[in-house]
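Put together the whole structure using the sequences plus the hints.
Residue numbers (this note's numbering), protein chains in the order written: chain A, 1072 to 1205; chain B, 11 to 415.
Calculated from the structure, these hints are not laboratory results. A few of these clues could be false.
Which residues of chain A face chain B? A few of them, derived with a C-beta cut under 10 Å, are [to be verified]: (1) Y1074; (2) S1075; (3) V1078; (4) P1089; (5) P1112; (6) I1147.
Simulated crosslink set (DSSO-like; lysine-lysine; CA at most 27 Å straight-line) [as the list claims (entries may be wrong)]: (7) B:K409 <-> A:K1076; (8) B:K409 <-> A:K1204; (9) A:K1127 <-> A:K1160; (10) A:K1137 <-> B:K409.
All C-beta atoms, glycine included, are put in the ideal place defined by N, C-alpha and C.
Chain by chain, the residues run as shown.
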Amino acid sequence: MAYSKKVIDKFEKTLREPEKNSVGRWDPSEEDVGTGMVGAPACGDVMRLQIKCESKGDSHIIKDVKFKTYGCGSAIASSSEIVDMLIGKTLEEARDIKNVDIVKALDLPPIKIHCSVLAEDSIRQAIKDYETKV
Amino acid sequence: MIKLPIYLDHASTTPVDPRVVTKMQECLSLEGNFGNPASRSHQFGWKAEKAVEEARENVASLLNCDHREIVWTSGATEADNLAIKGAARFYRKKGNHIITSKIEHKAVLDSCRQLEREGFEVTYLDPKRSGIISPESVLNAITEETILVSIMHVNNEIGVINDIEAIGEVTRKKEVLFHVDAAQSTGKVLIDLSKLKVDLMSFSAHKTYGPKGIGALFVRRKPRVRLEAQIHGGGHERGIRSGTLPTHQIVGMGEAFRLAKKQMNSDNSRIRALRDRFWQGLQGMEEIYLNGDLERRAPGFLNVSFNFVEGESLIMALKDIAVSSGSACTSASLEPSYVLRALGLKDELAHSSIRFALGRFTTEEEVDYTVNLVRESIVQLRELSPLWDMFKDGVDMDKVEWVSH
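This is the structure in structure tokens:
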């Protein structure tokens, strides 16, 4: 399969410098952490996305993000891509991120759209988990 | 310095041996042997016919059969189609049941599917966990209606060798035709058609350092096997397969098979040693699994599942190495390898599989380079894998409720 240069660059950067690219995990029981895990090993992709938030007045802002992904190159690139999209956003703004934003940012081919859907789902799950804590 | 990229996908296709290229080039231009082998009226035709018949002898010689039992086709796919559809349609008055296995090449499976649409019944046998189709399972599946059994010699994904000698004993005793897809086995596994009770056998040139676009079907003369032609035209190949014979392709296949016979022993021992060196190099890694039987295996094949790492991402990480994967993400179907699933592998291990296929021109340096890169990439990708974390934390992943999408 021919990949876009963006997918390849993102994938290779993430592989080479995982820490710089927010690969990792926090203890999911921490108060300010929301965790979303979507996908299944049998389907060939599992994404775990964690957001660390702080409250500012009425809203909550995503301070930091960590993720780990089992999946194809596009799935890994997609999860790495959403990190940049999430940091500094309020939860409301984060909820507005749609899979098409990821498709555009990485020039994903049609057969890889499901990777972006998975990424969108992981954001929603992580926000939902965080909101049960506040 | 090692030359990149490294080609480790010889089960997919092989480069044409330079000696074969030279022979083929002699059969193209005005100065060369360009004539139509079917032209009876002049020496251009006679010369071309001579070259075609020499090639036929070379192919027959590798297989130890009569040259008159070799029918040229465009490749193993066409040979499979001709054997299966040709035999089934010719013998349909004798019965309507065909037996094959779940791990055959698509050329066999899809030919059988077509026959199902025409009213035939097909039994698809399960392989053992090792990838081998047992002769007993063939015997047990044979009914009064069975006319044809089609089982491959060497599997194209895992390299496992079926016991076609034993299966042939079963089919001959039961008076059922036996077709074998041998696209992957020429030059790797000894084929002696004077002993094997095989009635039809498909071959390809391009898996054995010959050109693409040419193959052959062995059609046994004693006992005689009849086929209904699938391509009609000028009556070439005794009417079994019409179409002008491509002299250069045929000469290429003949030379490739001649070299295969000459070099088989030395090629095999060298490639087997490299394959063992490769597998040794991966030892000590956690959670890696070899797919298919290690002993009954053509040299050069290593199909390995690296648990908790998805195959396509590993292929991307190994960007200067040409390999293939059973992962769904590398196919258009979004399903992982049907061959690995038929062995009973869990879907996640099928997704995590890579096929390394070594060949005649593979070097020790290439193997060592690849082993190091695989080891490094697996560490990196597992660092990225939530499943690896869970495995290390002792989580039982069969009990996790996954949110699939």
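- Message: Hints numbered earlier in the text: which of these fail when held up against the supplied structure?
- Response: Going through the list in order, the structure violates hints 2 and 7 and respects the others.
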